[in-house]
Amino acid sequence: MTNKQASICLFNTLTRKKETFTSIVPDKAKIYTCGPTVYDYAHIGNFRAFLFEDILKRWLTYRGYKVIHIMNLTDIDDKTIKGSQKKGIPLQDYTEFYVNAFFEDIKALNILPADVYPKATEHICEMIKIIQILLKKGVAYKGEDGSIYFSIAKYPEYGKLSHIKVNELKAGARVNQDEYAKEEAQDFALWKAWTPEDGKIYWDTELGRGRPGWHIECSAMSMKYLGETFDIHCGGIDNMFPHHENELAQSEASTEKKFVNYWMHNEHLQVEGKKMSKRFGNFYTLRDLLAKGYDPIVIRYLLISTHYRQQFNFTFEGLESAKAAVDRLRNFVRRIHEVEGTTMTEKVSTLTSKLEACFGGSMDDDLNIGTALAALFDFIREMNVLLDANLVSKEEAVQVGGLMIRIDEVLGVIGKVEIKEVLSEDVDALVQKREEARRAKNWKEADTIRTQLKAIGIILEDTTQGVRWHKEKKV
RNA sequence: GCUGGGGUGGCCGAAUGGUUCAGGCGGUAGCCUGCAGAGCUGCUCUAUAUGGGUUCAAUUCCCAUCCCCAGCUCCA
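Position 199 of the first sequence, counted from 1, bears residue number 303 in the numbering used here, the numbering being contiguous throughout.
Worth double-checking, as some hints may not be accurate.
Listed below are the simulated DSSO-like cross-link pairs for lysine-lysine, each with C-alpha atoms no more than 30 Å apart in a straight line [unchecked claim]:
hint, residue 1, residue 2
1, Lys186, Lys361
2, Lys548, Lys575
3, Lys170, Lys520
4, Lys186, Lys382
5, Lys170, Lys211
6, Lys223, Lys361
7, Lys304, Lys223
8, Lys537, Lys520
9, Lys233, Lys223
10, Lys132, Lys362
11, Lys575, Lys537
12, Lys396, Lys183
13, Lys286, Lys233
14, Lys233, Lys246
15, Lys240, Lys361
16, Lys132, Lys122
17, Lys121, Lys258
18, Lys362, Lys396
19, Lys328, Lys362
20, Lys396, Lys520
21, Lys558, Lys427
22, Lys170, Lys328
23, Lys427, Lys382
24, Lys132, Lys382
If you are wondering where the hints come from, they were derived from the structure by calculation, not from laboratory data.
Turn these sequences into a full structure, and let the hints steer you where they fit.
Listed below in structure tokens is the structure:
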């Protein structure tokens, strides 16, 4: 479904305004999103960010853009180094494990894969090139400790993304110990000189022995794959400062071109009303929830159902509620597939046009998924009324089914609804046996069989068109 | 401390200077059903943190207060 007339508005952190999205190359959207640091399993907060980016991508695609998406994997930093040393295994073996876990998780959540997942450790050369340019331009300098720092004094626009005035920054508890080596406390490391704590983890380069700073990897990898200026850069709100601010500064200082046109940041989530933290015992990885038996798609629905710039309160009650909502969507689609009627009214096409307009208009408005979902549920209710009255033809039902598929290409929560799954023979025999019992009005036996089937996850529903059944999805 | 975001019904969450403040979930009554499920309909008490102000009219704009959350150098 493409609609070239439609214009998508996105909230740009740079301007703090909603702006009409215009891509550099028509019909192509180049997106860079900050990926995971692969030192542990990702938690549900991380996935809120990845799901927001997934929805953005899917919506751009729906509107006819060819999306090119790069997501980095940070496989070299303090945490990965510490983790690998603690386990006594090579850094790469350590991070590879969590990279694989990450891929499993995003697949479970039905997140579309990025086009490229560049790793920091595989782009040291590209980073060094940028650092050398910055040194040459005098924007970077070598500190007394041998590390190379970016001098924010040389980049007057510093702070334009986060709107932070550098001189107001709190000289607080987290100021780096090696601060003495920098000219200004706010200068940040582009290249970190080797220290004994790094052990075997270092690169011998033109810049000396050491490892890259955190921010430089995103500059190097985004520009390598997307060009010096690209369309959209996403990440969690916490990354806005200092990570993205620094990334922006070093990129623009090196290229003297605008780095990114649209910066988008998602808000964090809370769990049961509190900040998610291990201390409160409310810290969950996706795996924790799956182990409790929750359906990853229900988790997906819950995490996408709140606008991305809104703080979101994750609760287990919400998860139950999300399951019911997803069931409602799936029940509707299942019902649509079963339509055999012939009566046609104009009502169905009126409703589908309304849905497309409302859903699309909402999503165009900075991915306002709340009103988009409201439009979808309105549509379902009104369609159910028509279905109850047997006023939908098979032909119309097929069209509605097609629209639901297009919408689900954006939401990714309905999936394939099995209409004619094959039942195992003994299960099928039970269903038949119950039908006979019902015909004989032997309700007791019929109910026993129904309970029996429910225990193995087969839900039976008696309708005027005969018995209908489907497999129960886990919560 | 500084800088942002926010406080909407039983819960989650939209929206808006103006007829009845989306939608989902839950509860409840009814229709349908052998029953259940699904679906539909009604209800869910004064739902917009509090106190002022602007306005013919504010939940929406302004001010103050209280509370929550985040950022403040490598946490999405």
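Against the structure, the hints:
no. : hint            : in the structure
1   : Lys186 - Lys361 : 37 Å, violated
2   : Lys548 - Lys575 : 23 Å, holds
3   : Lys170 - Lys520 : 24 Å, holds
4   : Lys186 - Lys382 : 19 Å, holds
5   : Lys170 - Lys211 : 21 Å, holds
6   : Lys223 - Lys361 : 25 Å, holds
7   : Lys304 - Lys223 : 19 Å, holds
8   : Lys537 - Lys520 : 29 Å, holds
9   : Lys233 - Lys223 : 17 Å, holds
10  : Lys132 - Lys362 : 18 Å, holds
11  : Lys575 - Lys537 : 19 Å, holds
12  : Lys396 - Lys183 : 28 Å, holds
13  : Lys286 - Lys233 : 21 Å, holds
14  : Lys233 - Lys246 : 15 Å, holds
15  : Lys240 - Lys361 : 17 Å, holds
16  : Lys132 - Lys122 : 20 Å, holds
17  : Lys121 - Lys258 : 28 Å, holds
18  : Lys362 - Lys396 : 46 Å, violated
19  : Lys328 - Lys362 : 15 Å, holds
20  : Lys396 - Lys520 : 24 Å, holds
21  : Lys558 - Lys427 : 18 Å, holds
22  : Lys170 - Lys328 : 19 Å, holds
23  : Lys427 - Lys382 : 26 Å, holds
24  : Lys132 - Lys382 : 41 Å, violated
Of the numbered hints given earlier, the model fails hints 1, 18, 24; all others are met.
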